[in-house]
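Engineer: Here's the letter readout for the chains.
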Amino acid sequence: MNFPLFETAKSVEGVTAVDLYAEYPDFDIDIDGEQARLVSHDIIIFQHPFYWYSAPAIMKEWQDLVLEHGFAYGLHGHALNGKTFLNVISTGAKPNAYSKDGMNHSDIRSLLAPFEKTADLCGMRFLAPFVMFGAGRALEDNRLDVHRNAYDDLLKAMVADRFDLKKAAQAAVLTDVLDDFILKGEAV
Amino acid sequence: MELLSDAFVYLAAAVIAVPIANRLGLGSVLGYLIAGVVIGPVLGIVGSETTDVQHFAEFGVVMMLFLVGLELQPAMLWKMRQQLIGLGGLQVVGTTAVFAGAGLAFGLSWQSAVALGMILALSSTAIVLQTLNEKGWLKTQGGQSSFSVLLTQDIAVIPMLAVLPLLAVGHGAGHGDGHGADAHGGGHGGEALAALPGWVQALIILAVIAAIIVAGRHLLRPVFRFIAEAHLREIFTATALLLVIGIALLMDFVGLSPALGTFLAGVVLSDSDYRHELEADIEPFKGLLLGLFFLTVGAGIDFNLLFGNPVVIIGLALALIGVKFALLFGLGTIFKLQGADRWLFALGLAQAGEFAFVLFGFAASSNVLDQGLLQTMTLVVAISMLLTPALFILYEKVIAPRAVARSDREPDVIDSKGRIVVAGMGRFGQIVSRMLMTSGYDVVILDHDPQTIENLGRVGVRTFYGDVTRPDLLHGAGLKDADLFVAAIDDRDKQTMVVEHVARTYPNVKILARARDRHHVYELETAGAHYAEREVFEGAMTLGRRALVELGSHPFRARTKARDFRNHDRAMLDDLRENYNDGGVDKSYIDAMRAHAETFYEIMRVDRGEEKHERTERGWNPPPKGDATL
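Residue numbers (this note's numbering), protein chains in the order written: chain A, 1 to 188; chain B, 189 to 818.
Mixed in with the good hints there might be a few duds.
[Unchecked claim] Below, computed lysine-lysine pairings styled on BS3-like, alpha-carbon distance capped at 25 Å:
1) A/60 <-> B/585
2) A/166 <-> A/156
3) A/156 <-> A/10
4) A/117 <-> B/813
5) A/60 <-> B/813
6) A/10 <-> A/184
I should point out that these hints are in silico values taken from the structure, not numbers from a laboratory.
One chain only, chain B, in its complex shape (with noise of 0.2 Å):
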């Protein structure tokens, strides 16, 4: 019963936490520590086996950076260089290089120095991209600069994941902690091939890596493939985390980071058709690992030390943060980043992030850093992070507002044709997005039938698997930054229950909808649709017309008669909307019914009789002969 208790403490305090701080424009990750303190330090609940629960919770790194691979895909990397390698690059780089000499000058090693460095170069990910999200800050110049710096620091920790067991203090590392749950056994892995000699070792280490990448092109989509058609959702996540810790224990078999190991893995299914269905997977554990990580933080923080100490610490904390703004600040001007949006970059990103309490776990179990000065720079980093919103606020208040004032700013140029997500790539979905696509658009498309995505990627149309139906593959796919959303989903019901849950969760995207029938159009508007066409109308007034063609109407005038057909109809499907809604199918719905359809027999019978020129039919008339004002 211990596992359970202790999992309903964490858990508690991560669901009273975290939604107040979010709330409180904290982000989640400041949450997870708060809580962490809260159940640490403040009440005492956890103790000791924090350390134990962390080595667990580091795996939720493992799923992250699994993640941070899936999301980069080679092609939009390539698009990015110029901003990664020079402003990203740059800013890693020149920020290590400030705070390993300002080490040094503090008297650390050299090793202690560089590693304190990479660390404190990283920004809060988590905090910054989500604020900018939150206040749609992420187009602008600033943002956008801001999301290139993040990410190539994010691609950044790999390196430094692999650097840092290099720098440790004599030969400490790799103490056998030998714990197979530690996520980065980087120095402390490898017992297997310890007896080998070290060529053989290289070479077993890039077969497997080699091994990866040909099975994650080759062998994994098939698999994939298969698992899916069998369509049971809980073996696809279970082939996910199969996946995933196959690879984690492959890699520390053969001694090297299993987060390298499965960010390869990311990058190389970063590609593939099963993208977003993965990340829906994954998503949620790595989700719930990492809050536990970061609880284990907060609950290990010594608040002796702030206490007995708080100038120091907080003036630390301020260096670290007005440092960083010094550099970003100079960066931005080389990178001609004009007015506010300077301001938001240097401002935004001048924190340290979640990452460095990763690696400060790994420094410290590859002996790079030593406790005390651990202790000291996990505060440090802590309020960094807290003062970060204060930091927005600034921009938010003061920052924006002048710049705005100052210059006479242009309009902003509409740079991206807006996103659009079409649910269901059947033979409805197919027309839709091909004549958006060859419009020009992007389209994400999300099917839930392998025989179809393979089809269609035979003809060069990516479609993305998954099960529309999951809010989580829906949010993957990006809906909410998109501005309409496609639903053409075959099954009715399923189709109605996609159209709720987008119209209440993303009340900004506009959502057209296939519906099957004229009742299915009024139920998808109930839903939340704002336009649902009935999937066979268009197709059958088509032949319908050509009939009339075949059977002696002039191409014109058949023409005429299925566009009053047409007007006349959606004039029946507009005035029953209220009778359907009231009581579905009753006497007074088919009434109403029976009466339209007797106007429909005047209307579209007017010129079958010889009264060629009556009002109703409504094109050119000449004036009748009678008239003596002519």
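Next comes chain A alone, as it looks inside the complex (with noise of 0.2 Å):
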């Protein structure tokens, strides 16, 4: 499901497309290229499918490298502050799973924390996260162009800039509702 998601990141301009596990299929990250690349965008995405209420290895091995004290946070790392960040995920379970009453006892938002406190620290807007649930069945259920041409409006918008990051921030997930937070007029 992330490949073809990922297929229409790349596809839109202003977006600069990363396959972690194909530029270091040894884990071998560059941290200082890496920190040169966040410092030159605004919104940072984080695209993954969410393993165990979490992100694949890699991004975790790039969260411990590239995200330096003194660079990310710290009394002279500021680096990041003002950007933005956004989990876009997909999980194996639907959306009543994520819910006080649901299997996983918890809404989706809460689940992703660490990311939400990461994004705290280093002074970075966390967005609520752009979620395809049941990504098992998407294909057969035809949701999977769906999904993909939301992801292409979001993209866009924020290219644009017309996309109400503030309201974002607020929310508990931006799937389905994407249109409350694409700003039809003049850019904000």
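With the hints in hand, could you dock these two chains into one complex?
Structural biologist: Here it is as structure tokens:
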């Protein structure tokens, strides 16, 4: 599911799509290169499957190495202040599993707390996640193309500065309610 | 000196005409024909002696059939059987029937009509395959179907050679033109056996065929191995020639077609490890002799005939193309070829082929067809071949663009994983090849050591014998269509030479090379390798890492150190490249190297001291204690 979504991201002008596993097959992450990449972008998106309520291993390694003290946080670490952070994830379970009464006894945004706290510490604005629920059956249910189109809309709106980041930071989830955040008129 | 001056004339004509014809998209066969026409009928430099030359040149056909046999691996034929028997078989039989019928209608005897039908059913393998290859159409549906039909036709030549003498009108066949060199002495060899009763002759013939098969399977292998171990290239070539000529003589002796015998030998050897080397050895002789053969055909063309009756001759050629096209188009429909593919298939194969000249010559010597008809048909065949490039142009410029515009074509499914050629199957090449083969890729492996080949054969790995510094061998291994070339030769200079040759000759092939040391890396890159890896580097790295663990390093720490070492070494390799390429190992190179060595020490010694969390370490670091913001 994440491959077609990645293709969507690659196709949007103004988006730098990075396949970490392709770039660092040996987990040998280029810290300086990644930091430079962060500095030159305003919105950082983690697009990944929600493995064990978290991200695949290389994304954790990336956080451990790239978000250094003195760069991303700490007394002199302000490089990421004012930027925006977003999780674009896919889950195996359906939406109702992510509620007080559901299987996970918790909503999806709460489960992303480690990412939200990381963003907070780096002075970044954390947005509600854009989630593809029940990814295992998305193809059969014809939901993949719908979701890809929505992702495309989301990215284009962000690039064009027509996405209400403030409002999105307050929401629980962006899926299915994307139009509430995309500004039709002028840029913010 | 007459021999030399003759050779000079023929060679000069070929050298001038063939490249020009090729450049014009006419193909080499037409180039030879045209060259023959120029030195024969037009300039009159050569005359009646061409008949003698032709008899000698016909040996090229014998060699060609040996090579055709070599290409025909039984397993491949079995895989293609439906295409070959269905599509190819119907084309040959159907076209033969139609032309034979036409021949009868024009008042030929049934024997002549059948002979003519068979001969005209064949298309020009040389022109069509070359064009399909050049234009990259071979992998299309139309191209694949064309290939199947051409292959069927190549095989069909064998029974045709056997049948033609039986069609001889009356008993004029075998009129003693007892040329030893007459290639297809089907009807007129066997004087040696003539005195024996029929059943003895049959027995001897069967025994000879059985002997060829058994010897090919069991005797030739050790013989070739023995010769190969001598590492004398010209003796290997001599052996290959000896084999072909020997079989031809043997077949002639028992009264069978030499072409049939060498074809059989080729098929028997097609499974052998020496296939590519044999191909590479015989190919130039075959090419030259066959070229000479076409030259003599061109020289023998009777232009008075054409100028006397231009309408009839050209009309016949167009009719020939028209009929063959219609039949092929029909077959394409039956076999569900779509759109442009059906057109490519039908237009491409609509001419008569170079085999027609061979079979005409044969038919003449067996008195199956009379001289006047032969003269006319030779012209008709040549003209149909001459028109072939025009048909391909018609397809490319008119039909293909329309077909694409009309159908919303899906992207091609990549059905082959691409071909890989590995040169050198020593300790290095073996690992690379094993990895690629177990991953499911088709790998063609070449090596020059018979012992290695035999050992690998025992564990089920096919390796082809040959000296990879020979351009023709690389060509025979299919480098032209390969995606990847792995150069893993032990000998440093040979390795560089091969990489240079491949980079120059096959610019589309990616080259990965084994390097002896860092200087060799630079040399290989300069020679055109896309990537070169030092042969012992990774092995030594692994051992060094293991040594750190034995000395008490945490295994993960040892891995990180090894990684840093590798990264820095790679960086050094990149930094020193220009310096080395400029002046080799001079003073500035040594200075630069020294500077790098200093940094090496700094990087690698970091955790020997107590300062555990230096920034250079770049692992996960806890924030320092003094940061009040946390």
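Engineer: Does each hint hold? Answer for all of them.
Structural biologist: Hints, one by one, checked against the model:
Distance check on the hinted pair: residue 60 of chain A and residue 585 of chain B sit about 56 Å apart at the alpha-carbon level, beyond 25 Å; violated. About 17 Å separates the Cα atoms of residue 166 of chain A and residue 156 of chain A, which keeps this hinted pair within 25 Å; it holds. Distance check on the hinted pair: residue 156 of chain A and residue 10 of chain A sit about 12 Å apart at the alpha-carbon level, within 25 Å; holds. Proximity of residue 117 of chain A to residue 813 of chain B is assessed by CA-CA distance (about 21 Å); at most 25 Å being required, the pair is judged to hold.
Of the pairs offered as hints, the one joining residue 60 of chain A and residue 813 of chain B holds, with about 24 Å between alpha carbons and a cut-off of 25 Å not exceeded. Between residue 10 of chain A and residue 184 of chain A, the direct Cα distance comes to roughly 24 Å. Compliance with the 25 Å bound is thereby established for this hinted pair.
The earlier numbered hint that this structure contradicts is number 1, and it is the only one.
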